[in-house]
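Asks: Same order as they appear, the protein sequences are chains A and V.
Take the first sequence: its position 145, counted from the start at 1, is 145 in the working numbering, and no numbers get skipped.
Take the second sequence: its position 55, counted from the start at 1, is 295 in the working numbering, and no numbers get skipped.
If you're looking for bench data, these hints aren't it; they were derived computationally from the structure.
A portion of the hints provided could be inaccurate.
Said to hold, decoys possible - In silico DSBU-like links for lysine-lysine, alpha-carbon gap of 35 Å or less:
#, chain 1, residue 1, chain 2, residue 2
1, V, LYS333, V, LYS278
2, A, LYS93, A, LYS38
3, A, LYS84, V, LYS469
4, A, LYS84, V, LYS278
5, A, LYS93, V, LYS333
What the hints assert, rightly or not - Derived coverage of chain A by chain V (criterion: at least 3 residues anywhere in the stretch with Cβ under 8 Å from a Cβ of chain V; other residues may be distant):
#, region
6, 12-23
7, 35-43
8, 48-61
9, 65-72
10, 167-177
11, 184-193
12, 198-205
Here a beta-carbon is modelled for each residue, glycine too, at the ideal position from N, C-alpha and C.
There are 2 protein chains.
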Amino acid sequence: MSDVRIVLVEPSHPGNIGGAARAMKTMGLSDLVVVNPKRYPDPQADWRAAGALDVLDAARVVADVDAAIDDCHWVVGTSTRSRKIPWPIAYPKEIAAQIAEQPGDARIAILFGREDNGLSNDELRRCHYHLQIPASPEYPSLNLAMAVQVVAYELYQAFAEVIPMPGWDRSLATAGEVEALFAHVQSTLEQAGFLDVDNPGQTMTRLRRLLLRVQMDETEVQILRGVFKALTPASPPAAE
Amino acid sequence: MSDVRIVLVEPSHPGNIGGAARAMKTMGLSDLVVVNPKRYPDPQADWRAAGALDVLDAARVVADVDAAIDDCHWVVGTSTRSRKIPWPIAYPKEIAAQIAEQPGDARIAILFGREDNGLSNDELRRCHYHLQIPASPEYPSLNLAMAVQVVAYELYQAFAEVIPMPGWDRSLATAGEVEALFAHVQSTLEQAGFLDVDNPGQTMTRLRRLLLRVQMDETEVQILRGVFKALTPASPPAAE
């Protein structure tokens, strides 16, 4: 995975720097640059970094945005407000897809602004592209480290090979196995007097719909066979 | 948007409860239930909630998971480890899509486990479905409130109508307008002696490729026309 640089511009709270480092590491990112932080280093940054102290320790602290991005080929700035002069802008998923398409040796930076004021207009004009996280219009104010987490999550999915979810541990049952179960169930319920042979109603249909919908595996069919075998009345009920 | 319940099971750090409330509100969620928190209420929860104090204040604190989910129709548990008996499991994007397909009156809960231990096996067996956030195998340990943020972000996108990004403020230039610009540029550069009429080389082709690739709008074409007009030499350079 190409390492995308995360740049925090003048963060106020050291906890957010640590939280951003942790968010990055969970998504395989490690290149953190902090521009002119108010309070850093700080024990709160370390505490919030948790198992990502290595990312925090390797972070560069620089004096201004220029020093953070001068060597970068594509610079993205996070933005919540719409601008007087519209800039190319996209949601995190699309930005991540665009980054995944950049040449392998492209250095890419994503800028995150101050907790209270975001990025300045000057800083946003330094960017090739702007990024906006979709959020509720009533309260679109994500915490800084949370914003890093969401963007890093999309980057991870764009870059990482999608790891298939673990497979099921048993083979699905065949239609024949399931039909044999239904026949077994039906005869058991008839023997128990629960189903009237002459007027069966919809019970079997509803049981079919339930058990077909759930796509049983072989073991589940065997368990149900065992259950119904164990519950089969020893002798047929007295004839009426 | 259907309100999905977020359930935090035995969180240790009050800051995470506040952080989760804020994460929820940024994505339009408000139904927060906290099961047997270690330290809550707490000023740290309020501080991290920031502008989402209303969500935090409305949160229910209950003694056990049963009380949190008994009225729910579909319960999802977050999980990082794979289980001995595989359970239906999906990534947040797919879970959000499945939730969006539930009937409108379905009450849905998503359980988030303890910071150190996650959900117990018993709690995971209470769930219809499991959810796993894609993360780096080296350090897949998202902070609790960060996990809530990622899941809420996917829910917001599944439920909210996608708000189109703000449009461009000017119409794109037509091919005719762009050709007129190129003719103007070429004659200006020829007058300035920068282009040799008899041996023009590739300069114009490269300028064409640059300016066509960028899809200029009308104003940009006008600005460039103005620039080249202003820079046209007063008189042709002395003939060689």
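Asks: Against the structure, test the hints numbered earlier, and report the numbers of the ones violated in rising order.
Replies: Hints 4, 7, 9, 11, 12 contradicted; others consistent.
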